[in-house]
Structure formats: structure tokens, C-alpha cells
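Asks: Residues per chain are reported as follows:
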Amino acid sequence: MNSLPTQFWARVVFLLQRYGLSYLKGAGTTLLISVVATLFGCVIGFAVGIVQYVPINRNDRLIKKIPMKILKALLKIYVEVFRGTPMMVQAMFIYYGASQVFGINMNMWFAAFFIVSINTGAYMAETVRGGILSIDIGQTEGAMAVGMTHLQTMTNVLIPQALRNIMPQIGNNLIINIKDTCVLAVIGTVELFFAAKSVAGTYYTYFESMTIAMIIYLSMTIAASKLLRFWESRMDGSGTYDLATTDTLAFTSGMYPQIKDSRNAMGTKDKEEAKNE
Amino acid sequence: MSDEILRVEHLGKTFGTNVVLRDIDFSVKKGDVTCIIGASGSGKSTLLRCINLLEEPTSGNILFHDSSILDKSVNIPAYRAKVGMVFQSFNLFNNMTVLENCMISPMKVLKLDRAEAQQRAMLYLDKVGMTAYINAKPRFISGGQKQRVAIARALAIQPEVLLFDEPTSALDPQMVGEVLAVIRALAAEGHTMVIVTHEMAFARDVSNRVIFMADGVICEEGSPSQLFQNPQEESTRAFLKRFTQG
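Chains V and P, in that order, give the protein sequences. Each residue of the first sequence is one higher than the one before, counting from 6 in this note's numbering. Each residue of the second sequence is one higher than the one before, counting from 1382 in this note's numbering.
Hints in this document: simulated from the structure, not taken from any laboratory. Certain hints may be false.
[Stated by the list, open to error] In the BS3-like style, the derived pairs of lysine-lysine whose C-alpha atoms are separated by at most 27 angstroms in a straight line are:
1. V:Lys69 / P:Lys1489
2. V:Lys69 / P:Lys1410
3. V:Lys77 / P:Lys1453
4. V:Lys184 / V:Lys30
5. P:Lys1453 / P:Lys1518
6. P:Lys1453 / V:Lys69
7. P:Lys1492 / V:Lys74
8. V:Lys70 / P:Lys1411
9. V:Lys69 / V:Lys81
[Claimed, not checked] Calculated Cβ distances over 10 angstroms to all of chain V for the following chain P residues:
10. Val1400
11. Asp1404
12. Met1466
13. Phe1471
14. Asn1476
15. Glu1570
16. His1572
These numbers come from a predicted model, not from an experiment. In this text, a Cβ means the ideal position worked out from N, Cα and C, and glycines have one as well.
Could you build the full structure based on these sequences and the hints that come with them?
Replies: Structure, rendered in C-alpha cells:
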């Protein structure tokens, strides 16, 4: 075994040469858990946010009213509990609690995805609710006035706009998850922090190992935020539009671009036929 | 009375202790163009919103083809599809293009297929002179253009009655002109409309009946010539005086 160099950067290089793969694997695990859990969290958040936004009308029958109220109450409890307790405690509570009380030995991977997802979901539920609230009531009334149902209004008008509005917050959650998955070390998930700590312990090189971890975490979060910015600008679409041709006859017969194309196609075909003759 | 589309009976609306509408009675027949005038805060908009059930009336009844729409069994979205509404603040869907704004309700509510919906949307966009802008999102077009698209959107479900809630109040004088021209054309085609407006000259020209509201009640109603030239009530005279002088 090579002996440990004395200089700081030499030690960093030494650790990377020896344990580069451990760091890389740890970073991969961190990234995988945070991306997947953020996605699931968004799905949970949208589901919860949408259910909480369902109106209960005076005219609704009790069979719809009562289950809806119970569901809303349960979701509210879910949001409060998971927003109001630390993820590290939740991780131990769920992972060890499940095996001790219910005899369920959770797969560590499943536990990791599950814990981060429901945690993100609890935050996202409120974010989605805020996103929907941020869209002026006029558009909802406009949709209602043309006869759209609550569900149609949600899926066609409100959710697409809410999604765009909460993109910065989704990005926030992704970045928080990249960092906070380190608490999963308590249930034995070998993510970046766990890997860095193990390496640090081997040679007692905490400063060096954590420097590597810091740089990797920072690169991941910066990459994530850049990527989300890019995605946002894609969602905003073009900042301009083309005036349509004023040939209104083309429009009323259906798909106007196709009609133009087919006309051209016909034209060239006719010419070719004429040549052949 | 078979051509009566809407009848409002003893309609009342309170917000908390604030009485906004009291004992409103009127009816709309097929082909009627009814203008509702009156000072801001007199309950005109609330009346219109009650007719479309955007507000729930607290008393009285609203009949659509002789059956109450306040009945528990009424399918409210289906009813609203027969009563179009144009808002003061346009309320276009910002995530859709002009064309999509007009196609969404024929597709989702009337379940037309895409080609039919597009054909219909184009028909009404042509009517309001907006076919050139079909690819634009609402944020790119002017207020008057937005309102014309909103009118096309309301027409695309082919409602039996079209309600206008101060359609020109958010527009500058030139844009007011372009929107009113569209509404005049619709009136000439025989569309049934109820229009809340502050444009007195327009109300006089376009409608066959005018309702003057003050403090949540119908103060006076009659033909435009009767109401504008020979108002019976003191409050009507006082209200109209400000407009004719101004």
C-alpha cells in the first residue's frame, strides 16, 4: 500500500486515484435518488394539490361529499406531518419502524426512494396549490363560462400554467434533494456523503475527502439548475409568432398547411405528367 | 311564450349583509338584444354572473326554457355551454394560441373532432376579423383583439344567449369601436344577447330593450327610444343627464 502524501492537493489526488470509483458511484446514487424522487414527489404533489382544490358544492350528494372531505383531511395530515418533521428522523422512523413493528424488512433502495418522494410530495402539494392559486380567477371563469367542467378546466387551463409557474420551485426541490439525500446515510444508503465519509475514515483525511464531496455536490447542483433553466426557456416557447396568410378559404377547409402542401404536390405532379405526355 | 329563452323571477343576491340584487324580474326572448345600463355598483354585473351561475343567487329563480337552472339535478356545465359569456377582462387562456382558445370548448365540451372544431373556430374568428392572428398567444395581441377573440370563443359553442359583461370597459376608444362593431354585426345576424354596458349611444342603437338598474333593482325598462328620450323615473333622468352632457 502506498503511503499517504503530506500535501493537501496530493492527498486529494491520492484519494481520487484510489477511491474515485466510490465517489462516482456515490454521486450516481445521490443523483438517481434525487431525480427519481423529485419526479415522484411532483406526481404526488400534483395529485394532492389537485384533490385539495376540488370544490365541494352544496348541491353534491353526500356519497361524494363525505369521502371527499375525509380524503382532504387525510391529505392535510400527510402534508403537515412530512413537512413538519426532519427527513432524517422520518427515514429512521419508517425504515426501522417498519421492520420492528410490522416485521417488514424494506429494501433499502425502496426505502430511500419512498422517503425522499413522500417528503418532496408534501412540499410540492403546497407548491402546486400555490401555483394554481397564482393563475387569475378570470381564466377559471372563462373556462366555466364555455361549459368546461372542473376537471377539464384543471387539465387544459390551470395545470399547464401552474406547471410553468412552479418550475423554479421544482428546481429548488431537486437541488434540495441532491443535498439532503445525504441524510439517507442513517439507513445505510451508500450515496455520495456516505462514500466520502467512509473514504475519510480509512485514512483520517476528512478535509480532503469532504473537499472532493463538496466539489461533486456543487457541480451536480449547478448542472441541475442550468438544466432546469434551459427547460424553462423551452417551455416558454417562442417569443414571437407568424401572421397567418389571409387566404381564409384555405382555413375553412380544415388543415391549412397540408392544403398548401398538397396543392404544391399536385402542381408538380401535373407538370411531370405533362412532360411525360 | 315559446320563444322565451330566459326568465329571471324575483332574483335576489346578498353577499353577507350586503344586498346586491333585489327582486329582479325580466325575460329574454329569442332574438332580443337587451342592454343593461346603470352606475357601477348597481348590480348589473352580478345579475349577469347569476344568470351564468358564476354567482349563486340567494333567492328567486332563473328559468331556461321554462325549467329552473337552480334545481339540484341541473348539469351546470351543460347549461353554461348554452349561455355564452364575454368578460370585461377578456379571460382568454394564456397557455393557448388564439386558435386553440376557440377550439378547446368545441372539442372538450361539444366533443367535436379536431378538424370540425378548427373549422368552426376559424368561422367565428373570421367573423371577428382575427384569422391572421391564429398562431399568436394572447400576450401578443391588443386588448381589442383579445376581446374579439373572446367573442369568437364564446360563439364557438354556439350558445342560445350571449352575455356581455362590460365588454369594452377595459379598452381605449379606438378599440371600443372595433369591439362594438363586432357586437353590432352579431345583433344584425339575430343573435340573442344581454349586454351590460356604459356605452349609451351603442345601447340606444343596438338594443331593442334597455334595462336601467340602480341600487340592485330594475328602476326602469323599455324600448331604447322610450328610455333614452322619455325616461319616467327621476333616477334614470339623473343618470342619463350625466352621459348626454358629458
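Asks: None of the hints should be skipped; say for each whether it holds.
Replies: Evaluation of the provided hints:
1. V:Lys69 / P:Lys1489: It holds: about 24 angstroms lies between the C-alpha atoms, which stays within 27 angstroms.
2. V:Lys69 / P:Lys1410: Outside the cut-off at roughly 37 angstroms; violated.
3. V:Lys77 / P:Lys1453: This hinted pair holds, its Cα atoms lying about 24 angstroms apart.
4. V:Lys184 / V:Lys30: holds, 16 angstroms
5. P:Lys1453 / P:Lys1518: violated, 38 angstroms
6. P:Lys1453 / V:Lys69: holds, 14 angstroms
7. P:Lys1492 / V:Lys74: violated, 32 angstroms
8. V:Lys70 / P:Lys1411: Violated, at about 38 angstroms.
9. V:Lys69 / V:Lys81: holds, 18 angstroms
10. Val1400: holds, 21 angstroms
11. Asp1404: holds, 23 angstroms
12. Met1466: violated, 4 angstroms
13. Phe1471: The assertion about Phe1471 of chain P is violated, with a minimum of 8 angstroms to chain V.
14. Asn1476: Check fails; 5 angstroms does not lie beyond 10 angstroms.
15. Glu1570: holds, 18 angstroms
16. His1572: Fine: 16 angstroms to the nearest Cβ keeps His1572 of chain P off the interface.
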